[in-house]
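K.L.:
Using the sequences and the hints, build the whole thing.
Just so you know, the sequences run in chain order V and X.
Numbering-wise, the numbering used here puts 537 at position 537 of the first sequence, and it's gapless, one number per residue.
Numbering-wise, the numbering used here puts 103 at position 103 of the second sequence, and it's gapless, one number per residue.
Note that these hints are calculated values from the structure, not bench results.
Among the hints, erroneous ones may be present.
[Said to hold, decoys possible] Using 20 Å as the maximum straight-line C-alpha spacing, the simulated SDA-like pairs for lysine to any residue come out as follows:
no. : chain 1 : residue 1 : chain 2 : residue 2
1   : V       : Lys-452   : X       : Ser-72
2   : X       : Lys-40    : V       : Pro-321
3   : V       : Lys-452   : X       : Ser-65
4   : X       : Lys-40    : V       : Val-139
5   : V       : Lys-452   : X       : Arg-82
6   : V       : Lys-339   : X       : Arg-82
7   : X       : Lys-40    : V       : Lys-452
[Claimed, not checked] Simulated coverage check for chain V against chain X, where a stretch passes if three residues somewhere in it have a Cβ under 8 Å from a Cβ of chain X:
no. : stretch
8   : 285-292
9   : 382-394
10  : 429-441
[As the list claims (entries may be wrong)] Short, incomplete list of chain V residues facing chain X, as computed with Cβ under 8 Å:
no. : residue
11  : His-297
12  : Gln-301
13  : Ser-345
14  : Leu-346
15  : Thr-355
16  : Val-359
17  : Arg-460
18  : Ala-462
Keep in mind it's a predicted model, so treat the numbers as computed, not measured.
Yeah, the Cβ is synthetic: ideal placement off N, Cα and C, and Gly gets one too.
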Amino acid sequence: MNPVTFGDLIGQAREHLAEAGRLDGKLDSTSVLGAAEAMARIARTLSRYLADAAPFGVVETLVNPALADWARAAVDARQAMRTAAATLHRSTRSAEPELPAEGSGEAVPETAAPAVGHLRAASVALSAGRDLLQSHVGVGVDRERLDLSQWAPVAGSASVVEAILAETAGWSRDLAFLAGRLSLVSPAGAALPVPLRDGLASSCHWLLTASSALSAHSGDVSPAGMWLLESIPVRQVPARQPPADGESMADLVDGVARSADRLRVITRAWAGRSAWSPAMTADSWRWTASAAVVTCHISSQILGVLAAHPDLGTFLPGGGPLLADAGEQASRAWAAWRKVVPAWSLITTDTGGLTGPGVADVGDLALRLGRISFADPRWTPNRADRCALAGPWQVARDPVEFGAVIEALHHAADALACVAEADHAAVELAFRAGRLYQPTRTLPVRYDVPRKFSPLLASRGAALVGAYEDVVAAMSGTLAALDALAVAAQAPSQVQGAARAAARSPAVAVILPGGGGPRRTDGREPLHVPGRQEGGSQTPQSAPRGPLERTVYALRAGDPAILLRARAIDTAANHVLHEARTSAVPPRPTPPNTGRKVPSNIPG
Amino acid sequence: MDEIRAARHRVESAGDLAGLLDAGWDALGLIASVCRACEKRADELFGAFMLASVAADEARLALASAPSMPSSPADLAGEEARVDGPVEAVADAVSDLAQVLASSFIAATAGPADPADQAACREAATAVSRVAVLLSRDAR
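P.N.:
So this is what it looks like as structure tokens:
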């Protein structure tokens, strides 16, 4: 199961651009026209990459002194790229009547040089690459940005944006050279129409401008940034693959990775719905927590077996301390999840059933890891199916299996960390929304509730949410330990750890216009987006937009003056609020024991 | 073990639906508590005991919605069970008690009870059957 990654697509684009640059074959005017059309499309796509990386208007670069230099450069390059695309497009439209009709359109005419086909293929690959990056970001009802996967903040992280800008600069330069060479060709047959020749020459200038602007403000791209960029997969929810009897070790590891992929996407997408969605039930959360307990228990067992492997020195030299640390962290996570399960005791929601997202997947995860741990392809948690813990040689016979088992554990921990965060937020939201209940007969005698169920006592709700907080912290420790282990074992899953580290690093920009910064999908307050550091000095990327400016921006008002007026009004409103706050009379302290009684049916 | 035997006797000798529901509630609480206490006593049975305690809780929640369930506050004092005896014997006893409970709840759905009582008993029977399957020696 290898989803398409950004690297797959830009790899194709690079190859096609390189092939196109050779200008093989006999070039006639029709071929040059086709090449110019494809180059216009590529330039438009590259301008969109830049708009995603630095979603600021030209006016903003003029009026916002806080905007970082790299962002200004990206905006300048974007404008130059758009001009190049428009110039090429205009020139091809003007030249078309002077050439045979077969040169236009999508199909590559048989007479066209191979360069045209390569340029069109590169255009398609680059567009697909941008679509892939955008698949991780959604738009909320208020046009706010929603991170739909853990890769969304990675795509906006400093190292990855640097890599995108550097790639764009390179592509722009290649296109510029190609445009320049095409403007000078003497095609066989009909002469190159003057508008087309001029358009190619002009676009060469604009493309070089874009490339120079980007190159001047981007340093050396870190290999890690490029590796991360190329590793970004398309966001997809793979189909569930229920465990089957007799799965091999490879099948088990693949199944764990698949369940983890599903859980990462599903839990994030659903967390914000717990205040109202009938599918989000106490039964589901309880079951998820109990499957997580089993998974963490099994994980700590497997890590113990791996740490005691007789060939550890060969399979993972120096891995002993890492395995010991990971085992200890997994035990902590197990203990933390164990406290969540009894905290759910006798708590229900207004709807019931195992209808929550990912319920089946956490079960699959536990079952497959259990089959690795017990070396029985038919293992289940049932007492009738129990068997002795597998020995080291049953768990991993060679370095490949050793690495595969670590990869499975890493995927499982990563998925459970996502589940812990999502469920923590979801349960807290459900509690605040009054969706959690307990049987009335479990209330202390002083409560008189004439119904079978009563809203959950505040003390129990707080205990439940607190248990999840502990789980989130414990899973974070487990994940950090397994990240290190995955790197040491060179497991393919190590990219997950790198992605998390990049996502934690200062973000550089929002991807969608509309401002406001990334917003959590769990319905909480928007996340703070720190500024990017350049040359060791803190440079805030942009002053935050006010509410009116955000709205105007979202409406895509074309007049920059409107945007400036909106900003001025927001600033004035802030001044008024500040004055009101400083001149307000402080409230009197409330005297204790006012004599008001709390109604007996309000839990507390 | 004595507590499990006593709970079983109370369930089997319940005279009416309210008595069965009340006895069932307490028996399920005991099962959940015993299972939690046994979780760490045998690594290979950890999952079985842990999931059984969750299923017992779910059965209790189902019973709580039954209209005939006595409204008097439940006795939650015995939530921490003290478990003695070999873990295998405890698992057998809990599995047996779960089977008795499931049969009793299913039998209650056949009587002239309120449909809401019948639904609650059916749901509780399903959940407690899972306990029996999880802890049975030979469920396969």
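K.L.:
For every hint, state whether the structure bears it out.
P.N.:
Okay, the hints, checked on the actual structure:
1. Lys-452/V x Ser-72/X: Holds, at roughly 11 Å.
2. Lys-40/X x Pro-321/V: 26 Å, violated
3. Lys-452/V x Ser-65/X: 6 Å, holds
4. Lys-40/X x Val-139/V: It is violated: about 47 Å lies between the C-alpha atoms, which goes past 20 Å.
5. Lys-452/V x Arg-82/X: 30 Å, violated
6. Lys-339/V x Arg-82/X: OK: Lys-339/V and Arg-82/X at ~19 Å, within 20 Å.
7. Lys-40/X x Lys-452/V: 34 Å, violated
8. 285-292: Check passed, 3 qualifying residues.
9. 382-394: holds (count 8)
10. 429-441: holds (count 3)
11. His-297: The hint holds - His-297/V has a Cβ within 8 Å of chain X, the shortest such distance being about 6 Å.
12. Gln-301: Hint holds; Gln-301/V Cβ to chain X Cβ min 7 Å, cut 8 Å.
13. Ser-345: 5 Å, holds
14. Leu-346: 6 Å, holds
15. Thr-355: 14 Å, violated
16. Val-359: Cβ of Val-359/V sits 13 Å from chain X, so the hint is violated.
17. Arg-460: 12 Å, violated
18. Ala-462: Not OK, violated: Ala-462/V not within 8 Å of chain X, min 18 Å.
Figure legend: structure checked against the earlier numbered hints; hints not met, in rising order: 2, 4, 5, 7, 15, 16, 17 and 18.
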